[in-house]
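**Student:** For reference, the chains in residue letters:
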Amino acid sequence: MEHDRGAPGLPAPRGPLSEGVEAYLRGAGRLPRLEDVARAAVYGEDLQLALYLCYELHYRGFAGVSPDREWDPELLRTRAALEHRFLSALRADARLHDGVDEALAGLLVEPVDGTGVSHFLRDEGELWHLREYAAQRSLYHLKEADPHAWVLPRLWGRAKAGMAAVEFDEWGGGRADRVHARLFADLMTDLGLDTAYGRYVDAACAEALVTVNLMSLFGLHRSLRGALVGHFATVEITSSPGSRRLAEAMRRTGAGPAAEHFYDEHVEADAVHEQVVRHDVIGGLLEEEPQLAADVAFGIDATGFVEDRFGARLLADWRASLSSLRAPLDRETAHIS
Amino acid sequence: MPNSPSDRATPDRATPDRSPSDRSPSDRSEAPRRVTVQRKGPLLMEGPVEVELEDGSVVTSDRFRVALCTCRRSRRYPWCDTSHRDRV
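Top to bottom, those sequences are chains A and B. Residue 975 is where the first sequence starts when you use my numbering, and the numbers rise one by one after that. Residue 1134 is where the second sequence starts when you use my numbering, and the numbers rise one by one after that.
FYI, nobody ran anything at the bench for these hints, they're computed from the structure. Heads up, a few of these hints could be off.
Calculated pairs, DMTMM-like style, for lysine to aspartate or glutamate (alpha carbon to alpha carbon, straight line, at most 25 Å) [as the list claims (entries may be wrong)]:
1) B:Lys1173 - A:Asp1075
2) B:Lys1173 - A:Asp1087
3) A:Lys1134 - B:Asp1195
4) A:Lys1134 - A:Glu1261
5) A:Lys1134 - B:Glu1179
6) A:Lys1134 - A:Glu1118
7) B:Lys1173 - A:Asp1176
8) B:Lys1173 - A:Glu1076
9) B:Lys1173 - B:Glu1163
10) B:Lys1173 - A:Glu1239
11) B:Lys1173 - B:Asp1219
12) A:Lys1134 - A:Glu1263
13) B:Lys1173 - A:Glu1118
14) A:Lys1134 - A:Glu1076
15) A:Lys1134 - A:Glu1262
16) B:Lys1173 - A:Asp1120
17) B:Lys1173 - B:Asp1195
18) A:Lys1134 - A:Glu1009
19) A:Lys1134 - A:Asp1075
20) B:Lys1173 - B:Glu1185
21) B:Lys1173 - B:Glu1187
22) A:Lys1134 - A:Asp1120
23) A:Lys1134 - A:Asp1254
One-sided excerpt, in silico: chain A residues whose CB lies under 7 Å from chain B [to be verified]:
24) Leu1078
25) Leu1081
26) Val1083
27) Glu1084
28) Ser1214
29) Glu1242
30) Ala1245
31) Val1246
No experiment lies behind these values; they were computed from the predicted model shown. Quick reminder that beta carbons are idealized off the backbone N, C-alpha and C, glycines included.
The task is simple: from the sequences and hints, build the whole structure.
**Tutor:** Next up, the structure:
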């Protein structure tokens, strides 16, 4: 049996579901019962970690776990049960708009008195907030744009060309030192964080896992290609102004040049990506498959829903002077002045 | 995204393979370069581009597509930074 070298170890389980999935992955136990899946809190720590474990097999896997588990029918059955819970909850909780234009309209304006996480970090964020934010976000940014690659074979024409062009840009335009995941690792180094893939899964809260699981859910299912495109559009449209605020936070706190550069780069890059995604990717997809409009709108709404939950969790903890993490960060901040 | 901050604001970079003035007309692609205009939002064009600013300095972008600010509110002028958006 061949195992993935350099893959992260399995994180600590957070309840019976994640414990069962991990036992099965190690070949040392049974998968959770479907009744337990049906009973668990859908956005909770345990269910979301169990789903995260299933999805990671499609990215880098885990040390000591056979890569063949990716297509293990029993595990896929469990994953499907977890996904069914997750997707049903999102469809019930997140839907706000029926049409794409209405869903996009809310993203294309800039609040004068914004109160989100990026506003908090810009105005009053301290280095420890920025380190927590980077650790939580590292679950996605160390594989930035990867979940969206799965949609490429499911698009044609203008939508495919636009999506591929933006993805190429996300992956550094052919230059390894400009791959966005690499730029984020450099930011983590500036903040005194460990850049190893999967290092902060144990520290990440359920709300952070939800944001990453959403992308994997949409990316892995062709039936959700409209939602994936809606997700991508939301991220690209909201990124530019948010990145400007985060770049200002990095500058104000003296986080370091790579930390500033990651967000500075996204201000400009995503102002372009927004245009390509709206005109070519969404426009092209709906020209080919107009019946997907409601799914695109759902992807936009679901992304806003999970991001708002994540932001609310961070701000609630921080305003109470509490850590948002489940495990404390190392204090390896020696080179931060 | 393939430009680092140092690429952005360097006036008059000597890049012979990119500078139109260094190319003979026959080197240019026969296909006209399309510029997309919008009532609200940036001008869109295929990169790479050089932009000559009012003071004569030249900035370059080697993105696959370039969004040029038309509202003049961008803090990264001439590149769009989404500052054209309505504030509500």
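**Student:** Under the criterion that the straight-line Cα-Cα distance not exceed 25 Å, is the pair lysine 1173 (chain B), aspartate 1120 (chain A) satisfied?
**Tutor:** violated (31 Å)
**Student:** Quickly compare the C-alpha distance for lysine 1134 (chain A) and glutamate 1261 (chain A) to 25 Å and report which way the hint goes.
**Tutor:** holds (12 Å)
**Student:** Taking 7 Å as the limit, does the beta-carbon of leucine 1078 (chain A) come near enough to a beta-carbon in chain B?
**Tutor:** violated (12 Å)
**Student:** If you draw a straight line from the CA of lysine 1134 (chain A) to the CA of glutamate 1262 (chain A), is it 25 Å or shorter?
**Tutor:** holds (11 Å)
**Student:** Does lysine 1173 (chain B) pair with glutamate 1187 (chain B) here, judged by a C-alpha cut-off of 25 Å?
**Tutor:** holds (23 Å)
**Student:** Does aspartate 1120 (chain A) lie within 25 Å of lysine 1134 (chain A) when you go C-alpha to C-alpha?
**Tutor:** holds (15 Å)
**Student:** Are the Cα atoms of lysine 1173 (chain B) and glutamate 1163 (chain B) separated by 25 Å or less?
**Tutor:** violated (30 Å)
**Student:** Compare the distance between the alpha carbons of lysine 1134 (chain A) and aspartate 1195 (chain B) with 25 Å, and conclude whether the hinted pair is satisfied.
**Tutor:** holds (21 Å)
**Student:** Has the given pair, lysine 1173 (chain B) with glutamate 1076 (chain A), been kept, meaning a C-alpha gap of at most 25 Å?
**Tutor:** holds (17 Å)
**Student:** What's the verdict on lysine 1173 (chain B) and aspartate 1087 (chain A), does the C-alpha distance respect the 25 Å limit or exceed it?
**Tutor:** With a Cα-Cα distance of about 23 Å, the restraint between lysine 1173 (chain B) and aspartate 1087 (chain A) holds, given a limit of 25 Å.
**Student:** Do the alpha carbons of lysine 1173 (chain B) and glutamate 1185 (chain B) lie within 25 Å of each other, as the hint requires?
**Tutor:** holds (23 Å)
**Student:** Is the straight-line distance between the alpha-carbon of lysine 1134 (chain A) and that of glutamate 1076 (chain A) 25 Å or less?
**Tutor:** holds (24 Å)
The structure fails to meet hints 7, 9, 13, 16, 18, 24 and 25 from the earlier list, while all remaining hints are met.
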